[in-house]
Structure formats: structure tokens, C-alpha cells
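**Student:** Sequence:
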Amino acid sequence: MGTFTGGFLGDYLLRYTRHSYLWVSGLCMFVGAPVSVVALTSREPVVFLPAIFLAEFFLFLNTGPLNAVVLGCVPAQIRATAMAVNIFFIHALGDAISPPVIGMLSDRFGLFRATLLAPVMMLVSGGILLWAIRYQSQASARSN
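Residue numbers (this note's numbering): -17 to 126.
Be aware that a few hints might be false.
[Said to hold, decoys possible] Ranges between beta-carbon positions, derived for each pair:
1. T(-15) - A78: 15 to 23 Å
2. A74 - L(-4): 26 to 34 Å
3. A74 - L31: 27 to 35 Å
4. R0 - I84: 34 to 42 Å
5. R116 - A58: 21 to 29 Å
6. P32 - I60: 39 to 47 Å
7. P32 - L(-4): 25 to 33 Å
8. V67 - V29: 21 to 29 Å
9. A78 - T(-1): 33 to 41 Å
10. A62 - T23: 23 to 31 Å
11. C55 - I79: 23 to 31 Å
12. L53 - R90: 37 to 45 Å
Keep in mind that the hints were calculated from the coordinates and are not lab data.
Note that CB positions come from ideal geometry on N, CA and C, so glycine has one too.
Throw the hints in and build the complete structure from the sequences for me.
**Tutor:** Following this line, the structure appears as C-alpha cells:
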């Protein structure tokens, strides 16, 4: 649901800015981070269950737009390779290393504090995505 909505929103906003995919991807991380904190800190199912849904929704909202950015910035001949490299790094730097990192932090600071790394990383990724708008603008200016 989030991937579809993000792709639709990114495509719709292209009417207003050519950086819509990065805007959607970056802003959804900023919106999703506090929702993730609510999901991780609440003890009431009536609060944390919808918060988990919303956090996942905002986390996956960037998938479609970000894939469009990746595919749009490489030549057609290497798009499949670019997606393969993208998927590799998503897993290598995400779900592959996160259990040991969370485990190490949990041993040192406790599981509750360790899990709060996720919303922090969402904010970091949102910042990087919004910063990329400036880089994309400069790259476009150089190519014209």
C-alpha cells in the first residue's frame, strides 16, 4: 500500500516539481520517524498497532519514488544492474546488519533504547534524500 501510494504521489507531484520523487521519499521519512517512536514506546495495543501500520506505511512510501530516481539517473542499458546494486545495498546495509547492531546496542543500553535507533536512521535517511535534491539540481544544470 505504501509503495503504491508513494509512486502515485510522486507521479502526481511531478506536475509541480521535477524533484517530486525525492521530496516524497525524504518527507515520508520525517513523518514516519515520530510515528515509529510512538509504535516503539507505547504499551497499549490500541496505540501501537495503528502506529506500527502507519510507520510501515511511511517507511515503504519511499520505495516507488526512490526506484524511479535510481532508474531515471542511469542509462537504459544498465538499469537492471542499477536496481540489483540498489537491492543489494538495501539488504546489506539494512536487514543484514541491523540485527547484530541492535543486539550490540541492546547489550550495552537495553533493548528499548536500542530499538530507537530505527527512527533516528529514518531521520538521517530523510535528510540525505532531501539533500539529494540539491545534488540532483546541480547535476541537471551541468548536463544542460
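**Student:** Does each hint hold? Answer for all of them.
**Tutor:** Verification of the hints:
{"no.": "1", "hint": "T(-15) - A78: 15 to 23 Å", "in the structure": "holds, 21 Å"}
{"no.": "2", "hint": "A74 - L(-4): 26 to 34 Å", "in the structure": "holds, 31 Å"}
{"no.": "3", "hint": "A74 - L31: 27 to 35 Å", "in the structure": "holds, 31 Å"}
{"no.": "4", "hint": "R0 - I84: 34 to 42 Å", "in the structure": "holds, 37 Å"}
{"no.": "5", "hint": "R116 - A58: 21 to 29 Å", "in the structure": "holds, 26 Å"}
{"no.": "6", "hint": "P32 - I60: 39 to 47 Å", "in the structure": "holds, 41 Å"}
{"no.": "7", "hint": "P32 - L(-4): 25 to 33 Å", "in the structure": "holds, 31 Å"}
{"no.": "8", "hint": "V67 - V29: 21 to 29 Å", "in the structure": "violated, 39 Å"}
{"no.": "9", "hint": "A78 - T(-1): 33 to 41 Å", "in the structure": "holds, 34 Å"}
{"no.": "10", "hint": "A62 - T23: 23 to 31 Å", "in the structure": "violated, 41 Å"}
{"no.": "11", "hint": "C55 - I79: 23 to 31 Å", "in the structure": "holds, 26 Å"}
{"no.": "12", "hint": "L53 - R90: 37 to 45 Å", "in the structure": "holds, 40 Å"}
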